[in-house]
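Q: One letter stands for each residue in the lines below.
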Amino acid sequence: MPIFSEMTHKYLRAKKKFPNVWCSGCGIGTVMGAIIRAIDHLHLSRDEVVMISGIGCSSRMPVYVDFNTLHTTHGRPLAFATGVKLAKPNLKVIIVTGDGDALAIGGNHFIHACRRNIDLTTILINNSTYGMTGGQVAPTTPFMKIGTTAPYGNRERGFDISKLAMAAGAPFVARGTVYHVVQLQKLVEQAILKKGFSLVEVISQCHTLYGRLNKEGGPVEMMKWQRDHAIPISAAGKVPAEKLKDKFFTGVLWDIDFPEYCEEYDKVIALAQSLAEGEGVRVKGKERE
Amino acid sequence: MKPPVKNQRLMQGNRACVEGAMAAGCRFFAGYPITPSTEMAEILAAELPKLSGKFIQMEDEIASLAAVIGSSVAGVKSMTATSGPGFSLMQEHIGYAYMAEVPCVIVDVQRGGPSTGLPTKVAQADTMQVRWGTHGDYYAIAVAPSSVLECYEFTLRAFNLSEKYRTPVIVLMDEVVGHMRERVILPDPDQMTIIDRMKPTVPPEWYQHFEINPHFVSPMASFGEGYRYNITGLTHDPFGFPTEKPEEIKQKMDKLKNKITHNLDDIIQVRAEFMEDANIAIFAYGIVARAAREAVRMARERRIKVGLIQPLTIWPFPDQYMEHIQEQLDLIIVAELNQGQLIGEVMRVNRGKTRVSSLTRYDSELITPDQVFEKIREEK
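Protein chains in written order, with this note's numbering: chain A, 1 to 289; chain B, 290 to 669.
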């Protein structure tokens, strides 16, 4: 029986929607807790937060939280989020997505959201597999790992999500794990505060499917793996190269500034209207500021 | 010489369509370039910011309709425009908008298909895709203009229907209607009826985003207005939470159907010309109806009792009107720019009451008045 703190409870649709669909020991609930604590710590109102997801285990999160929630189609939450944010830029739009959702069927939307740089906060929960449909290989499954659709070993390479996001133009890219939960909350807070498109990749565990198929143990063993393989980005350059094999960096990996799209579009509106007024054209109803 | 008429303009169909959209209150467009609809995106990229609206070019048509739905959920009247190949990609989110009951308008300027087909040539081969394109049970609303002025009026009406019934509405145009230029006098927007979605009057704790009520249409709060609700494409209960209870599933599916089928009189529009004494009817929509109109005139000069039935809403199909009018008819000629799609609907309603004959053309050229007239002479 899960026990929520009083603070967390305020943000949950506790009476309506629990128990949840996630397996006990799954990492997604931990990520949800970190997001809620980040929102609470930043004093965002529940009315101004929009949580948008696609399809998959992680994408079930919006149902459980008491925000404006939009559970969309497979792979497309970023495209829906683009419309929501442009329509009401004052809303804080948080996207919760999985590795299959964001990078396979939604890969195109993902790279263009990175490039376009609308002020969206994307929490990408990476468990290296398709959980909802039963353990098939994902675009993040490492080479030679087992999935139900790769019973002889995955012969493809997995995406490096953070590098992909950086290359596609995302100005803020971070990586955390379910194990490093305090750090995770801080990364989510930084991502929400960042003006522009921000990505937090969260390394999570699916012990029910991926862990069982690949003999990686239960949730405890898989979280220990996260602990033992995560290296803070601050230690980069200090750790000898041979110790970096099979490891991954955590923390804020990339943080640059680039003009945010909604702010740029306000300039488009101002320019279009000043040109139109210059031509003596009647500009109707400036109803949306 | 005629005196000059005030406010008359030479205008393209695609332009009239977006003028109608803006008059209806559309302030968001997301789209992807595709012939023969691209002018709409280009015009709105320039015009929407003048109205403090927004335009965005997305990475594909799937994303375009997703952004449109997102914007509408946030409270802004929104649309997209495309043609056959893009319309195929939009089917996923047409289903989503229908299931999640999000008002939005999708313009399909039809071109020759299947596949990439004939990008710059006319066709009416998406007629059935509009009705059956998305998966699952679905009741479509689609309006079909045949002139530049109708592009304006029908797009405005599409927004009204969409807002009134909280459902996606298709404006089914074609390459010729979209690209031709005609003299138009646009109606004064102040004289047009503009319908906005119904807003909730209850406090947030009582609010149900998919409330079951006798009108089948639920009031719609926007994101950020203090009503924190869930929207999903999963089958859901009146609160918007996923359900697998058979009675709730049936309730939802009936609601979706009934809000269309209980309002057919409000939604369906048919234009009947010379039908009072007709024993032959030409059934045609869009640009083909205009060739048929000329053919009817030619036939009437020769005292052939022929009339024109032009469905202005192509979906829902005008079953009731056809049931009634076919009692006086011997023959219905269905003229369409495809290999025979609407004729199936006409025959479904007809059930052998009259002869039904097909006039089709799918070689990228228009059906001409002479062709329709010849068909009348052959068949009468």
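Calculated directly from the structure, the hints in this document are not laboratory data. Treat the hints with care, as some may be off.
[Unchecked claim] Dumping the calculated BS3-like pairs for lysine-lysine here, alpha-carbon to alpha-carbon at most 30 Å:
1) B/Lys539 - A/Lys16
2) B/Lys544 - A/Lys16
3) B/Lys642 - A/Lys16
4) A/Lys15 - B/Lys539
Q: Hints first: check each against the structure and report whether it holds.
A: How the hints compare with the structure:
no.: 1; hint: B/Lys539 - A/Lys16; result: holds, 21 Å
no.: 2; hint: B/Lys544 - A/Lys16; result: holds, 22 Å
no.: 3; hint: B/Lys642 - A/Lys16; result: violated, 55 Å
no.: 4; hint: A/Lys15 - B/Lys539; result: holds, 24 Å
This entry does not satisfy hint 3, going by the numbered hints stated previously; all others are met.
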